[in-house]
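Protein sequences, first through last, are from chains A and B. Each position in the first sequence, counted from 1, maps to that position plus 8 in this note's numbering. Each position in the second sequence, counted from 1, maps to that position plus 24 in this note's numbering.
Treat the hints as calculated values from the structure; they're not laboratory data. Just so it is clear, the structure is predicted and the values come from calculations on it, not from any experiment. Think of the CB as a built atom: it goes at the ideal place given N, C-alpha and C, for glycine as much as any other residue. Among the hints, a few may not be true.
Stated by the list, open to error - Reference listing, derived: stretches of chain A covered by chain B, where coverage requires no fewer than 3 residues with Cβ under 8 Å from a Cβ of chain B:
no.	region
1	25-39
2	69-80
3	151-165
4	171-179
5	184-193
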Amino acid sequence: MPQDTEHPASALPVPRSRLTDHERDQAVLVATATLAVLRVSPLDAGSSEATTVLSSVESVDDNNPSTRLAIVTTYDYQSNETIRSLVDLVKGELLTTRKTSGSSAPLAEIERATAERLVLSDPHITEFLEADVDGIEVELLLTRTQDPKDQFFDKRVVMALLKTRSGYLRLPPTFVNLTDLEVVTLDDLHE
Amino acid sequence: MNKTILHASRAIAYSLIVGLVAATAGAQPSDSQSAAACLTHSPTPNGPQASGTSSIAYQEFPASGPLETAWYVTFDHDIGKALFITGAYFMPAPNREFVQVLGRAGLSELFVPYQSGNPRYADLSGFSFDLVEVTARDTGPCGRIVGRDDKVVREVVDKGPLWKNDDLVVRGQKLLLWGTLDAANYNYIIRYEFHDDGTIKFRIAGTAVNLPGQASEPHTHNALWRIDVNLNGHLGDSVYVLRHVETVGSPSWQNAVTPFNGGREGPTDFAPTEFTQIAVVDSRLINGFGEQTSYELRPLYRGVVRHAELYLRNDFWVTVNRPIEQYFPDLLQYVNDEPIQDADVVLWHVTPMLHLPRSEDGVALGSPYANGVALAMWAGFDMRPRNLFDRTPFYPSR
C-alpha cells in the first residue's frame, strides 16, 4: 500500500444506487400511461379477456452519470408481444419503446401464481403428490418453441417442476399454457 | 437412450437433500490454498461503501508487498440478471492512472434448448430467481462474502507461474468475484476473474440437477454475454477482427487486422484455423512506446452452436451502445448499420456448453426422485490487454 493517506482508487466512480420503490413505481406509471391501448389487470381463470402483465423493472446505464434510466417490460397476451419501455426517471419521460413478437418477457407475479394454482389443482398432477401438498414447491420455467406446428407455438408457456423435501419429482413433462389457461402433460417420459 | 444398470453387488443408497450440496465453485485444482497461506485482500476506498455490503472490489498486486498493478471493480446482482460487473478499472503501474476497461458486462441470457426441439428455456430472463446465498462452505478459508444479501464471494488466489525465464519465475495472482444463479433445477456459477496482468476472464458453469422428466436428453446451455467495453472511457472505441491467415502447405502465413464487419454493426464468426479474436482499440490510449492500446476478446471453444434461433447463427456481434438494447434474443433488431469505429461499442458473444448426460450426472432409476447432480461444466472467454504495459508485468527492473 502507498504510504500516503489517500486511497489509490478514491477518485474513481462509486456504484450507482439501486432503484428505489418510488422510482420503480414512477417508471411503471410513465411506461404504461402512454401505452393507451394496453390494460393491466390480473389473469383470471376462465376469463377470455386479453390482458397485459407487468414483467419487470430494471435500471440501465448509458455511461452518463447525470441520468437515471429504467426499462419497464410488459407482455401483451392479445398481441403476443413483449414491450420494453425506456424511461428517463429524472425527467419523468418515456424515451423509447421497442416491441418484439413472442413471450420473452420474464414471468410476472400474477402469472406465477396462476400457473401454480393450475398445476396443483390438475388431476394428472395431484395423483402423484403425497398427502401433504404443503411441502411441494412449484418451479416454473418459461419455454418457447420455434416450430409453427408445435401446439405451444405463439403461446405463453411454462414448464412446471415439482420439488419436495426429498427432491424433484420425476413426472411426465408438465406445461402450463398461460394463454389458454390449461395444463398439458406429455405422455412420453424421456429417460 | 440406454438405461444405466446397477450391479446387484453394489448397494448404493441415494438420499438427495435439496440445497445441501456444498459448492466448491471457483476452486480448480491449480488454485489450492491452505488457511495459513491466504493472500491479503486489499481494503476498499473509505466511505459509506467500505462496509461488508459494498459492491466495490479493489485489489492490489502483488497482494502483499509494493504495489505494481491494481483492479477497481464495481458489481451488482439482480433478479433476472444474475451477477454482473458495472465498471472495471485497471492500474498498470504505480505511476500511471487507472484505465477504464469495462462498463456494464455480464450475461444477457442463458438459453437452453433440448435436442428433440422442446423445451427451450430462457434460464436468465424467463424466471425471477436470484443468486443463491453463500456461506463459509462457498468461501473456503480465504474467501469473503461481499456485496448485498450475502450472495457474492470474493477470493484472491495464486494462479501459478505468470512467466518463467530459466531460474527466474513469478507466480501470478488474481481476484475472483463469483455467485450462483438459482435457475430452478439448475445452478449456474458465474465467475469474473481480474488478473494481475490486466487480463479479465468471464466464466460460467452449469451444475445441479438434470431436468426432471428429461434427465437423459442432450441439450446445450448457451451463455449469451453483453459486454460494454469502455476502454479509456466509453467513447472513441473501434472494433477489429484479428485473423491468422494460412494457406495449407505454405511454410509462412500472415496476420490480418480488419475492421469488424466492415466497421458497421453486425456479426462475425469464429474460424478455428484463423484463431479469431476481436479487438477493441481506443483512439487515444497509447503506452510508453507510443503503441496503441487495445483489449482482445479471446474465445475458448469446444464447439459452436447453430440453433434455429437467428440470433444464435453467429459467434460475435458488435453494436453501438444503446440503453434500451440489453437483450441478446432481440439482437437482430439492434443491428441497423451504425458505425462501430470511434464509438461507444458493445460486444455480444455466445459461449455454449453441450451437455450429453452421463451417469456422473447422478440420474438414478427406480426412484421417484431425481437424485444426484451434474458436475460443473465450464465455458467462457478471456479479455487480454495489448500494449497496455511498457514491459513484461512483474519483471524485475535492471
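Now for the hints, and whether the structure bears them out:
1. 25-39: It is violated: at least three residues are needed, and the region 25-39 of chain A offers just 1 whose Cβ sits closer than 8 Å to chain B.
2. 69-80: It holds, with 5 qualifying residues against the three required.
3. 151-165: Our answer is that it holds, as 7 residues pass the Cβ test (under 8 Å) against chain B, meeting three.
4. 171-179: Check passed, 9 qualifying residues.
5. 184-193: violated (count 0)
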